[in-house]
Amino acid sequence: ELKVEQNPLFLSMQEGKNYTIYCNYSTTSDRLYWYRQDPGKSLESLFVLLSNGAVKQEGRLMASLDTKARLSTLHITAAVHDLSATYFCAVATGGGADGLTFGKGTHLIIQP
Amino acid sequence: DSGVTQTPKHLITATGQRVTLRCSPRSGDLSVYWYQQSLDQGLQFLIQYYNGEERAKGNILERFSAQQFPDLHSELNLSSLELGDSALYFCASSVGDGGYEQYFGPGTRLTVT
Chain A
1 ELKVEQNPLF
11 LSMQEGKNYT
21 IYCNYSTTSD
31 RLYWYRQDPG
41 KSLESLFVLL
51 SNGAVKQEGR
61 LMASLDTKAR
71 LSTLHITAAV
81 HDLSATYFCA
91 VATGGGADGL
101 TFGKGTHLII
111 QP
Chain B
1 DSGVTQTPKH
11 LITATGQRVT
21 LRCSPRSGDL
31 SVYWYQQSLD
41 QGLQFLIQYY
51 NGEERAKGNI
61 LERFSAQQFP
71 DLHSELNLSS
81 LELGDSALYF
91 CASSVGDGGY
101 EQYFGPGTRL
111 TVT
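Respectively, the protein sequence lines represent chains A and B.
Numbered per my numbering, the first sequence finishes at 112, counting up by one with no gaps.
Numbered per my numbering, the second sequence finishes at 113, counting up by one with no gaps.
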């Protein structure tokens, strides 16, 4: 059974600081997704990583994938308050189909 | 706005009842996925359809069923409802069935009393 673990599950940080969220998964997969969810809202797609060594950046967020280590990271650079949200990583269940197994989410609070 | 629509937004019903949730995917998307989000279980994949055919099953209970129609909209049927079925149900869509970005709808909040 595929397991996806995120850490930390809760993170409070100050504006302007850098931090990294880690996502480990238990079985082979080369499809890794990052989503953002604001309170009471739906999930917003941030990144889709489809190969070993993939790196994608959008604004202050950068995601990477190491399929050999079964690890993805979401790095936040010079955090701003608007990035406060819950961040989920998810891994495709494989076999060609694409149902996602989600981590528990990282609740990120960025304080001025 | 992702382009995925879901109705209704909220649903309150009693235990033992049956409800139907509806989802319309983004224009051009052939895959539809259903997910359940609850405080206890987190986000769980229920089922995927691709171009009308069931493609993958996740943690979907036998009391739940889904289908995708020729116009590609999908319905999730939940029957013999229990208190524990109270959750947010999301539909997502993607253009294909492997390695594509999944766009989530706004969700249907189901409350079982």
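For the record, the hints were derived by calculation from the structure and aren't laboratory data.
Glycine residues also receive a C-beta, built at the ideal position from the N, C-alpha and C atoms.
There's no promise every hint is true.
[As the list claims (entries may be wrong)] Cross-link-like lysine to any residue pairs, in silico, SDA-like; alpha carbons within 20 Å at most:
1) 104/A <-> 39/B
2) 104/A <-> 88/B
3) 9/B <-> 104/A
[Said to hold, decoys possible] Over the 10 Å line for every Cβ pair with chain A, so calculated as not near, a few chain B residues:
4) 2
5) 51
6) 99
Verification of the hints:
no. : hint           : result
1   : 104/A <-> 39/B : holds (10 Å)
2   : 104/A <-> 88/B : holds (15 Å)
3   : 9/B <-> 104/A  : violated (24 Å)
4   : 2              : violated (7 Å)
5   : 51             : holds (13 Å)
6   : 99             : violated (5 Å)
The structure is inconsistent with the numbered hints 3, 4, 6, although it conforms to all the rest.
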